[in-house]
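Could you use the hints to bring the two separately framed chains together as a complex?
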Amino acid sequence: MTSKITVAHLYPDVMSACGDRGNVAAVVRRCRWRNIDVTVTELGMGDKVVPDQVDLIVIGGGGESRQRQIAGDLYKVKGCAIRDAVAAGTAAFAVGGGFELFGRFCQPERGAELRGVELFDSWTICRAAATGEAGGTPHGGATPHGGTTPHGGTARGGTAHGPTTTDSAIRDLVVRWEGGLLVGFENSPGQTYLGAGVTSLGRVVSGRGNNGDGSEGVRLGNAVGTNMRGPCLPANPALADFLISAALSRRYGTVDLAPLADDLELAARGAAMNRTALSARGRGPKWVLGGGAIAPRPRFGMRGRAGVRG
Amino acid sequence: MWSGKAVVSTCAALARLAVAAGKRSSTQRDARRPEVRGGSVLVTGTSGKGTTCRMLAEVMRAAGLNPVVPATARGRVGVARDLVERAWTRRVPRDARSIGLVAFEPAALRDYLRREPHPAAVVITNILGGLADGEPHGAAVTARLEKALRSLPASTTLILNADDPHVAAIAADVPNPRLYFGISDIVHSRVRADRTAAALPCCPRCGHPLSYACTYYAHLGHWACGGCGLGRPEPDVGLTKVGRAGPSSSRLQVVATSVSTILDVPLPGMYNAYNVLAALTAATHLGLPAWSLRAIEGFSTGPTQMEPIRVAGHDVQLAVATNAIAYTEVLRAVLGDAEPKRMVLGLNTGHRAQQDISWIWGVDFESLAGLVPGAVITGDRAADLAVRLKYAGWFGDGRDQRQTVGARIEPDPVRAVQAGIQGTPAGEPLWVVSTPAALAEIRRWLRSHDRVPHPETRRRTAPFRADARKRGPQPTRPRAAGPQPSGPSRSAPQAVAGYMAARRSRRAHGARRRWTTQRDWTAQRDWTGWTSRMRRGQSGGSR
Numbered sequence: 001m002t003s004k005i006t007v008a009h010l011y012p013d014v015m016s017a018c019g020d021r022g023n024v025a026a027v028v029r030r031c032r033w034r035n036i037d038v039t040v041t042e043l044g045m046g047d048k049v050v051p052d053q054v055d056l057i058v059i060g061g062g063g064e065s066r067q068r069q070i071a072g073d074l075y076k077v078k079g080c081a082i083r084d085a086v087a088a089g090t091a092a093f094a095v096g097g098g099f100e101l102f103g104r105f106c107q108p109e110r111g112a113e114l115r116g117v118e119l120f121d122s123w124t125i126c127r128a129a130a131t132g133e134a135g136g137t138p139h140g141g142a143t144p145h146g147g148t149t150p151h152g153g154t155a156r157g158g159t160a161h162g163p164t165t166t167d168s169a170i171r172d173l174v175v176r177w178e179g180g181l182l183v184g185f186e187n188s189p190g191q192t193y194l195g196a197g198v199t200s201l202g203r204v205v206s207g208r209g210n211n212g213d214g215s216e217g218v219r220l221g222n223a224v225g226t227n228m229r230g231p232c233l234p235a236n237p238a239l240a241d242f243l244i245s246a247a248l249s250r251r252y253g254t255v256d257l258a259p260l261a262d263d264l265e266l267a268a269r270g271a272a273m274n275r276t277a278l279s280a281r282g283r284g285p286k287w288v289l290g291g292g293a294i295a296p297r298p299r300f301g302m303r304g305r306a307g308v309r310g
Numbered sequence: 001m002w003s004g005k006a007v008v009s010t011c012a013a014l015a016r017l018a019v020a021a022g023k024r025s026s027t028q029r030d031a032r033r034p035e036v037r038g039g040s041v042l043v044t045g046t047s048g049k050g051t052t053c054r055m056l057a058e059v060m061r062a063a064g065l066n067p068v069v070p071a072t073a074r075g076r077v078g079v080a081r082d083l084v085e086r087a088w089t090r091r092v093p094r095d096a097r098s099i100g101l102v103a104f105e106p107a108a109l110r111d112y113l114r115r116e117p118h119p120a121a122v123v124i125t126n127i128l129g130g131l132a133d134g135e136p137h138g139a140a141v142t143a144r145l146e147k148a149l150r151s152l153p154a155s156t157t158l159i160l161n162a163d164d165p166h167v168a169a170i171a172a173d174v175p176n177p178r179l180y181f182g183i184s185d186i187v188h189s190r191v192r193a194d195r196t197a198a199a200l201p202c203c204p205r206c207g208h209p210l211s212y213a214c215t216y217y218a219h220l221g222h223w224a225c226g227g228c229g230l231g232r233p234e235p236d237v238g239l240t241k242v243g244r245a246g247p248s249s250s251r252l253q254v255v256a257t258s259v260s261t262i263l264d265v266p267l268p269g270m271y272n273a274y275n276v277l278a279a280l281t282a283a284t285h286l287g288l289p290a291w292s293l294r295a296i297e298g299f300s301t302g303p304t305q306m307e308p309i310r311v312a313g314h315d316v317q318l319a320v321a322t323n324a325i326a327y328t329e330v331l332r333a334v335l336g337d338a339e340p341k342r343m344v345l346g347l348n349t350g351h352r353a354q355q356d357i358s359w360i361w362g363v364d365f366e367s368l369a370g371l372v373p374g375a376v377i378t379g380d381r382a383a384d385l386a387v388r389l390k391y392a393g394w395f396g397d398g399r400d401q402r403q404t405v406g407a408r409i410e411p412d413p414v415r416a417v418q419a420g421i422q423g424t425p426a427g428e429p430l431w432v433v434s435t436p437a438a439l440a441e442i443r444r445w446l447r448s449h450d451r452v453p454h455p456e457t458r459r460r461t462a463p464f465r466a467d468a469r470k471r472g473p474q475p476t477r478p479r480a481a482g483p484q485p486s487g488p489s490r491s492a493p494q495a496v497a498g499y500m501a502a503r504r505s506r507r508a509h510g511a512r513r514r515w516t517t518q519r520d521w522t523a524q525r526d527w528t529g530w531t532s533r534m535r536r537g538q539s540g541g542s543r
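Listed in order, the protein sequences are those of chains W and V. The numbering of the first sequence is this note's numbering, which starts it at 1 and goes up by one. The numbering of the second sequence is this note's numbering, which starts it at 1 and goes up by one.
Looking at chain V on its own, in the form it has when it is part of the complex (with noise of 0.2 Å):
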């Protein structure tokens, strides 16, 4: 019957494509998969990562390479991070100049090895553990890392930070090619150990402690093993210069075999030398032009990664720091130059596993005692952060009944942004620094106010924009004209009650729905009377 010769064939075709699929080659197999072609750069470690893939994507497109960068590849868990690598693995368009190129967490290497099963690189730039208890340590890490690290292909680079001893020295019996970059300059280290660094760690091979020569932030430095004789690998890309170039760039030296430049990045501090070193390894790696790697000077930084806004003719600067090490090194490169600096401190929990702030004992603010005239504190632990820079003797002498001399404590993160460029004199910067949940809120603040460039935020609302206008004209939305005086000083206990009532009720008003009422939000901002008195004309501003 016709039905039984249909079935008939059916299950033949079915059984020659079975066969056929047994037959097919691991090459074929391979040959199905989205790999990028050009082979790709995975870029991990615990920090730094995502900058050093920005600086490496600027030199690419220099270059005249079209690099693919997924928006969010952040090591995520479960379905949503492998939703994340299917979408971008299916975006890279299949040419020749198509570079994939990728920052996530050192966990999540195996699973990228997967979908990347050729990289052309794996960048590592340092791994730093254990900063709180309960973290995995270093060395956890790098037994993760370097379990991932086996399986890949012998073609594939290592390009490994020299100055960390847990990177360095991964994977010792990996027979893959090594690159290494590090810091030469001398100048700028520490004798002593950090203090951030919680215990400097022992040797990778034998496990006897570590000695330094020098440190450069926690405990990247130059450092030896007296047990073994293991040492600091001497880098093929080094650093013989770090100087500064202005408030918030820095002028780099950098030395490598075919190449010898000086840079001026727009980014301070050591940590950033270490990603511009990172970029540019990577870069002199895939065999980019070396007139390309001069595009790294102008690169943008991500959001809050030392991002520049214009307000009210004062450049606030947005610094996003999560734990001790960072906070400490944010504050040296804004503070490396001694001068003083007007500056926004914040503090946040976040969820539920960011409940303990007790990492900020842990940061430096005793050396930086006295450079910053007027801070505001802010964020929902501020008088926590507080607490911790009247211990390290910002605020003078504790006998004294004023004890925040100069500094005011503004819970609300926009009202203290607004104080904050109050009180700074006419064309000088404003730092904040903060960890993520305030300078959100900062930032959401500033773009409501079209403060923020974002493209792809705008290539994403513009439909929306058309569509309001064929409406007809709508309610106009107040523009700032300029930061405003926001309300006499308060005390500190005035400021924290009077933030959380306010707190209780926006949240009580609907606050939870978040994407809707960006811009009721901005109109319940109004208790503090800056947006009436903008309307009004009195764009305040700077004394």
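Bound conformation, chain W alone (with noise of 0.2 Å):
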């Protein structure tokens, strides 16, 4: 019997701005090499989330102008099938700008805040926006829409230690998630809070992640938030094998996938982490960047050689 998921990608034209198709044909190509047919829906301004006849649902990651552009539509149009598919047990991956729509609100650098999908307990506070608040915490300790406040010790970060003081993220990103590391490129001028209760999608080892408190992206079931940014899943083949399985999972209950040669895709992760002064052998309990036991390594990249132009 053939498998068969449909996988939904939300604005594929509007929040594709770091290559974030390259997630939509890392899932498609590694179902098609096992076999799984995959169709593809692209669903744009207006088009509706049909909860039961999705089995995974994309969005990429866009700046401000683009979130802008979308977070009515997503909130009016989509946003409680939304709510509804990942109950029923849906896979969803949300990247960066689409990560921080998911949420419960994020609050841009400039103009006012974009209301969120509340798909997952979280929020978004971009720095300029977030230093005009009293010592960093977002409403003053109110939570979006009513409600009692997740800040002052239960949330994560805000509060607890002041507005993180590192400048807008971009570098490479390394998570520990599930035994394994995750490799990305975080790009977010955006620091992201997570409700009480819920569970991130892993551990900081290089990096900044949602805050600079540790913790990265959000878990909630099948469903997957990550800052890291545009082509995520070809990086990483285990968490894209892990949305595939999650797909399959609602139609045909556990599914074991064959395994795929991913000898490229395991070079270029190791690559990033060589980047980020990171090896496999350094792996321990103690990866504090610069400030541990294991000294950065010298920066591997072109900076600094002659040949570049300008």
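Honestly, I wouldn't trust all of these hints.
[Said to hold, decoys possible] Here are the in silico distance ranges between beta carbons for each label pair:
| # | chain 1 | residue 1 | chain 2 | residue 2 | range |
| --- | --- | --- | --- | --- | --- |
| 1 | V | Cys206 | W | Asp52 | 34 to 42 Å |
| 2 | V | Cys206 | W | Leu257 | 37 to 45 Å |
| 3 | W | Asn35 | V | Pro429 | 33 to 41 Å |
[Stated by the list, open to error] Some chain W residues well away from chain V (every beta-carbon gap over 10 Å; in silico):
| # | residue |
| --- | --- |
| 4 | Gly19 |
| 5 | Asp20 |
| 6 | Glu42 |
| 7 | Lys48 |
| 8 | Val50 |
| 9 | Gln53 |
| 10 | Val77 |
| 11 | Cys80 |
| 12 | Ala81 |
| 13 | Glu178 |
| 14 | Arg203 |
| 15 | Gly214 |
| 16 | Leu220 |
| 17 | Arg250 |
| 18 | Thr254 |
| 19 | Glu265 |
Because the hints were derived from the structure by calculation, they are not lab data. Just so it is clear, CB atoms sit at the ideal spot from N, CA and C, and this is done for glycine as well.
So this is what it looks like as structure tokens:
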């Protein structure tokens, strides 16, 4: 029997700022290499999500202007269906700007805040907006839409240490996830805070993650949100396979995926880890960049070398 | 007293000078500026401005003009740019035949207009913006350009790309005369929107999404607005037929009001067809004779702009590509005839702002799968590029354990070119398409073996060589007779790890002393063994 999944790609024209088509391409290719039929449905403005017909929802990243363009449509037209679908076991993968809009709200650097889908109990404040708030507490201790505050000790980040002083994160991001490592590239001016009791996707090994408190992304059932922007799934075949098996399990129960040869992906991941001054030999509990027992290695790259034009 | 008199007379002289300066008319003051005689031509746009300038300079020279082209007049910030401009304007000879010709970034137009307030023409090639997040959008670039264009004198002609809606409708309220160029050959167009176009632009007048009858690349094509009826203007200089004259040249049929000609231009690709058009439009506007337009056929490409270099019986063509659109268009230009070609593909990160390489997922590799047998992948992000190609279907079935069948990952650019030449059958060309850093390394290697003709460098180094001769015989540098085999093929992780180890050791051993140790650098390269093999006379080469 040939298994089959349907992927809903939300706003492919707008939310594809950082090569986000790569994520869908990874899911499609990895399914086809295993003889799994894949149908990709591109959902733009005004298109509805039908929870019963979708096995995997993918949304990419985008900056403030792109977020503003889709936020209303995402909340009004698709929001309810996305929440229902994930509650029914549909897998979801949200990256960067899409991840921010899958939370409760997103406060961009300028202008009014954007209401999110409220799939994840998380919210994002951009730095310029965050520093305007007293003590870095968004909304002065009130939750975005009424209710009790998730801040003041229960929430991660925020008031405990004041606003983090890291600048806009543009760097490689390494995350420990289910015993393995995920590698990505973060490029986010905003800081994401998680509500009490929310499971993060993983722990940050190198990079900033959600807001510098060591957590990265959100995991809710089969739904995953992450700051690893752009083509995250091709670089992390384990995460891609997790999403595929989650999408399959909704229809076919527990599925064992056939292994694929991932030597290229692992080579790319190894190179990324070398860039972040890590190596597989250094694996241990004290991976603290620059401050731990492991001194950062010299960076690997073309910076400081001759030949770079300009 | 004598000194008192001197003070008084000096004061009087200063006062007279001050009055004279105040009385001097504005035209007199303008005349004191080092403005280029015969006007000047300013070329701007996101891409293609340098090539356009080179082509136009060739035509001008053929017509008997003396184009004064600054060596590095790319838009720089702060003092450096100012110095470049000042040096340029001082260098311009004051004769009737000299004409200034500058290419610069769109954002720098305002500054250039301060130096050159009366240009003969401003050429705008294209405005490709918003390729990645954080980059200025096309609309933002257009707004800055419009602001600068409003300060132009009414005599300056705007030479605009009719196929780019950002450019064609720029500063519609400015009364300056306009000339348009565009492509009319619909055979080479695409009906669907190009996947490299992040999002098709909206109407510059009413904001309604534009509709396209066809596109040539990115968002350039035959556009129209369904909301307000604004449409692509009819080009004054049009390209009615685009064809290929050879593997790296194109045959273009150009039609203007006064002239119609067929040109064989030594550059392939649609984006170069636009550059030719821009140069021809500017040339016809300047009144250059029709016969001088043919000089464009003999123009030589800039460094790494499809630059041909002869190595060991192979034509190695270096082509630089810095973003998704450029990478796609270079590959399409090379592989446009659907003939398989030998290639080295490179990907490097640059300085801090260029660490993000996610744009490679916007490159249209999918439609070119199968056209590059035995591709060699290079650069410090070679592994990422290999993953991209794998998911584009270049390496066949993912179930296959030997995924890179035929392809090879070689992060060191020089070794990659050696491997590429080795794998290229005799007489066939090898294409090297890469981001700038890897290409610069390859070019430096080729130059260190005198493979790259560079008249300016030779002129500069000539006195140094004369000195060397006086000092007596020097140890001769080994010269490459041909490319050498570069060892057995390695797996991707091995290659990446080996390259990084070599790079670390090179850095530790002073590779940073970049200008003084170029020859040492070459010697260090012998870890591949090709120099010594060459010395022994084992000049390998093609299989």
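Structure-based check of each hint:
Evaluation of the 34 to 42 Å hint for Cys206 of chain V and Asp52 of chain W yields a pass: the beta carbon distance comes to about 40 Å. At roughly 51 Å, the beta carbons of Cys206 of chain V and Leu257 of chain W sit outside the given window of 37 to 45 Å. Look at Asn35 of chain W against Pro429 of chain V: about 40 Å separates their beta carbons, and that is inside 33 to 41 Å. The Cβ of Gly19 of chain W sits about 3 Å from the closest Cβ of chain V, inside the 10 Å cut-off, so the non-interface label is violated.
The claim that Asp20 of chain W lies off the interface is violated: its Cβ sits roughly 8 Å from the closest Cβ of chain V, which falls inside the 10 Å cut-off. For Glu42 of chain W, the non-interface assignment is confirmed: its Cβ lies about 12 Å from the closest Cβ of chain V, beyond the 10 Å cut-off. Every Cβ of chain V is farther than 10 Å from the Cβ of Lys48 of chain W; the closest lies at roughly 21 Å, confirming the non-interface assignment. Every Cβ of chain V is farther than 10 Å from the Cβ of Val50 of chain W; the closest lies at roughly 26 Å, confirming the non-interface assignment.
Separation of Gln53 of chain W from chain V is adequate, the least Cβ-Cβ distance of about 26 Å exceeding the 10 Å criterion. Every CB of chain V lies more than 10 Å from the CB of Val77 of chain W, the least distance being 19 Å, so the non-interface label holds. Listed as a non-interface residue, Cys80 of chain W keeps its Cβ farther than 10 Å from every Cβ of chain V; the least gap is roughly 27 Å. The Cβ of Ala81 of chain W lies farther than 10 Å from every Cβ of chain V, with a closest approach of about 25 Å, so its non-interface assignment holds.
Taking the minimum C-beta to C-beta distance to chain V, about 21 Å, the non-interface status of Glu178 of chain W holds against the 10 Å cut. Consistency note on Arg203 of chain W: stated as away from chain V, and its beta-carbon is indeed over 10 Å from all of that chain's, at 23 Å minimum. Look at Gly214 of chain W: its CB is around 23 Å from the nearest CB on chain V, clear of 10 Å, so calling it non-interface holds up. With a least CB separation of 25 Å from chain V, Leu220 of chain W remains clear of the 10 Å interface cut-off, as annotated.
Look at Arg250 of chain W: its CB is around 24 Å from the nearest CB on chain V, clear of 10 Å, so calling it non-interface holds up. The non-interface label for Thr254 of chain W is consistent with chain V: the shortest C-beta to C-beta separation is roughly 22 Å, beyond 10 Å. Separation of Glu265 of chain W from chain V is inadequate, the least Cβ-Cβ distance of about 6 Å not exceeding the 10 Å criterion.
Of the hints listed earlier, those the structure fails to meet are numbers 2, 4, 5 and 19, in rising order.
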